[in-house]
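Sequential numbering from 110 applies to the sequence shown in this note's numbering.
Honestly, I wouldn't trust all of these hints.
[To be verified] Cut-off 25 Å, straight-line C-alpha distance, at most; resulting in silico cross-link-like pairs (DSS-like, lysine-lysine):
#1 Lys177 <-> Lys142
#2 Lys142 <-> Lys196
#3 Lys177 <-> Lys133
#4 Lys133 <-> Lys196
#5 Lys160 <-> Lys196
It should be emphasised that the hints constitute simulated quantities derived from the structure, not laboratory data.
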Amino acid sequence: MAHSAWFQEPPGRANPAILEHCDKDHGRLEVRKIIVTGDVDWLHQRHPRWKSIRSMICVEATRQIGQKISTERCYYISSSTTNAAEKLLVTIRAH
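Let's have the full structure, built from the sequences with the hints guiding it.
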């Protein structure tokens, strides 16, 4: 399973942290949704050299400017021990 596929159909045992954040500025609306999971044991089994990975993250950004709507998804793996969605979203945006 690729990490992007995990977010499409999370396993039943998974309990991801989810946060949505809205920004409305300069005539546009942007909604960012972050999903964070520490369910990475399967990833360690598949990639034994990635033992330092502690979480997987998906950030979905939907932008509306006038009538045009676009959506972008970015996927990340992290060695951070935090699964705090808000903290990770701030970190990703600052990176």
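Results of checking the hints against the structure:
no.: 1; hint: Lys177 <-> Lys142; in the structure: 19 Å, holds
no.: 2; hint: Lys142 <-> Lys196; in the structure: 13 Å, holds
no.: 3; hint: Lys177 <-> Lys133; in the structure: 15 Å, holds
no.: 4; hint: Lys133 <-> Lys196; in the structure: 21 Å, holds
no.: 5; hint: Lys160 <-> Lys196; in the structure: 22 Å, holds
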